[in-house]
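At position 10 of the sequence shown the residue is numbered 10 (the UniProt record's numbering), and the sequence of numbers has no breaks.
Some clues are possibly wrong.
[As the list claims (entries may be wrong)] Taking lysine to aspartate or glutamate pairs in the EDC-like style, the calculated list, with each CA pair at most 16 Å apart, reads: (1) 189 to 266; (2) 189 to 228; (3) 311 to 266; (4) 189 to 232; (5) 189 to 295; (6) 286 to 335; (7) 176 to 352; (8) 209 to 232; (9) 311 to 332; (10) 176 to 228; (11) 189 to 294; (12) 176 to 232; (13) 189 to 239; (14) 189 to 263.
[As the list claims (entries may be wrong)] Label-pair distances were calculated between CB atoms; the ranges are: (15) 250 to 105: 25 to 33 Å; (16) 250 to 364: 30 to 38 Å; (17) 33 to 354: 36 to 44 Å; (18) 180 to 126: 18 to 26 Å; (19) 306 to 363: 23 to 31 Å.
These aren't lab readings, by the way, just hints derived from the structure by calculation.
Computed from a predicted model, the values in this text were never measured in an experiment.
Glycine included, every Cβ here is placed at the ideal spot set by N, Cα and C.
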Amino acid sequence: MQNRRRRGTLASIAAELGVSRTTVSNAYNRPDQLSEKLREHILETAERLGYPGPDPMARGLRMRRVGAIGVLFTEHLPFAFEDPASVDFLAGLAEELGEMGDSMLVIPASSEEGGDVDLNLIRQAVVDGFVVYSVADNDPFLAAVRARGLPTVVCDQPADAAALPFVGIDDREAIKPAVRHLTELGHRKVGILSVRLSRTPNSGYVTEKRLAEAHHQVQKNRVEGALEALAEAGIQQADVPIIERHLNDRENNRDAARQLLTDNPDLTAVVCTTDTQAIAVLEYAKENGIRVPEDLSITGFDGIERALFHKLTTIIQPNRQKGIAVGRALAEELEAAHEESGCAPRVLLETELVVGSTTAAPPVPSAG
Numbered sequence: 001m002q003n004r005r006r007r008g009t010l011a012s013i014a015a016e017l018g019v020s021r022t023t024v025s026n027a028y029n030r031p032d033q034l035s036e037k038l039r040e041h042i043l044e045t046a047e048r049l050g051y052p053g054p055d056p057m058a059r060g061l062r063m064r065r066v067g068a069i070g071v072l073f074t075e076h077l078p079f080a081f082e083d084p085a086s087v088d089f090l091a092g093l094a095e096e097l098g099e100m101g102d103s104m105l106v107i108p109a110s111s112e113e114g115g116d117v118d119l120n121l122i123r124q125a126v127v128d129g130f131v132v133y134s135v136a137d138n139d140p141f142l143a144a145v146r147a148r149g150l151p152t153v154v155c156d157q158p159a160d161a162a163a164l165p166f167v168g169i170d171d172r173e174a175i176k177p178a179v180r181h182l183t184e185l186g187h188r189k190v191g192i193l194s195v196r197l198s199r200t201p202n203s204g205y206v207t208e209k210r211l212a213e214a215h216h217q218v219q220k221n222r223v224e225g226a227l228e229a230l231a232e233a234g235i236q237q238a239d240v241p242i243i244e245r246h247l248n249d250r251e252n253n254r255d256a257a258r259q260l261l262t263d264n265p266d267l268t269a270v271v272c273t274t275d276t277q278a279i280a281v282l283e284y285a286k287e288n289g290i291r292v293p294e295d296l297s298i299t300g301f302d303g304i305e306r307a308l309f310h311k312l313t314t315i316i317q318p319n320r321q322k323g324i325a326v327g328r329a330l331a332e333e334l335e336a337a338h339e340e341s342g343c344a345p346r347v348l349l350e351t352e353l354v355v356g357s358t359t360a361a362p363p364v365p366s367a368g
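Based on the provided sequences and hints, a complete structural model is requested.
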């Protein structure tokens, strides 16, 4: 049986070329220390001897950097690449990490079946720092990230994560222009669709108690902000049906639209806390002979590309810019990792109401 050829090492390359091991190492790690001719000669010899280069793990341990950032994501993994708002955020973050020379490790906090996944994904992740993207304030994954003691930036929620830098928007105030737009048009029969408010699933109506105890702050703040804007017009919370779905996908959102509009046929407007929900309501209405905006007005939130295609009245938030801002904040945290920490920075980005073709004055009741 033929023996397999042994791979080259720093020592064997150095011996063949008559140079030190440090010189060979410099060809990979400190090329400015060598002439271009000598470096090329070393690399050619290494390739001929089958030497793959320094072990990146060992090099990372020596330099105390591995060149990877962990992104803790509240949903199951496929959702990160299906949800338009999440895709835009990750694109912005990837753009900034690319500038830093870092890669991205996406770590889902839940499975497709809705259950939690192993916390060891956080505990054993070989990363330089973390981005916590939109998780509940009582999420055990957040506690696991904190326990690692690595540079960390929170995006969207929890906004009150003590001593951690934060990037996001003011969700409570951001949704109010859309709701005021509806009340100024004359709407008084308004329903709300929300995505998950807590880690405990609920597919149905939202009680005052559930809303008050909600741990997903983004959705909680959007719903409460909408209710505050409705209260300005004299519409009480008890008169506003609120439907929640745990997952923000087409099937669940269409079912939520069916439940809300079937149970409450007198509604003239629906406020949605995501554009994906609003598009599902739009589709359901079209299939069931409900004219938009003549019979029903619909507003969304996010400003995703599909929403603009449907000319949805929505709140635009800068998802891609949010990712870029998170990347920059994390770069600053990595740079200052060994310095005494001061006040954690908070970055709040602006949002904008865009009035499309899905809102109009409510229909005039038939006489008699």
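Okay, the hints, checked on the actual structure:
1. 189 to 266: OK: residue 189 and residue 266 at ~7 Å, within 16 Å.
2. 189 to 228: Distance ~15 Å between residue 189 and residue 228 Cα, so the pair holds.
3. 311 to 266: Between residue 311 and residue 266 the Cα gap is close to 24 Å, so the pair fails against 16 Å, i.e. violated.
4. 189 to 232: holds (14 Å)
5. 189 to 295: With Cα atoms ~12 Å apart, residue 189 and residue 295 stay inside 16 Å; holds.
6. 286 to 335: violated (53 Å)
7. 176 to 352: Holds, at about 11 Å.
8. 209 to 232: With a Cα-Cα distance of about 22 Å, the restraint between residue 209 and residue 232 is violated, given a limit of 16 Å.
9. 311 to 332: Roughly 39 Å between the alpha carbons, so the hint for residue 311 and residue 332 is violated.
10. 176 to 228: Holds, at about 8 Å.
11. 189 to 294: Given that 16 Å is the threshold and the Cα spacing comes to 14 Å, the pair holds.
12. 176 to 232: holds (10 Å)
13. 189 to 239: holds (8 Å)
14. 189 to 263: Answer holds: residue 189 to residue 263 is near 13 Å, not above 16 Å.
15. 250 to 105: 25 to 33 Å: This hint holds: roughly 28 Å between Cβ atoms.
16. 250 to 364: 30 to 38 Å: holds (33 Å)
17. 33 to 354: 36 to 44 Å: violated (56 Å)
18. 180 to 126: 18 to 26 Å: With Cβ atoms ~48 Å apart, the hint is violated.
19. 306 to 363: 23 to 31 Å: holds (27 Å)
Comparing the model with each earlier hint shows violations of hints 3, 6, 8, 9, 17 and 18; every other hint is respected.
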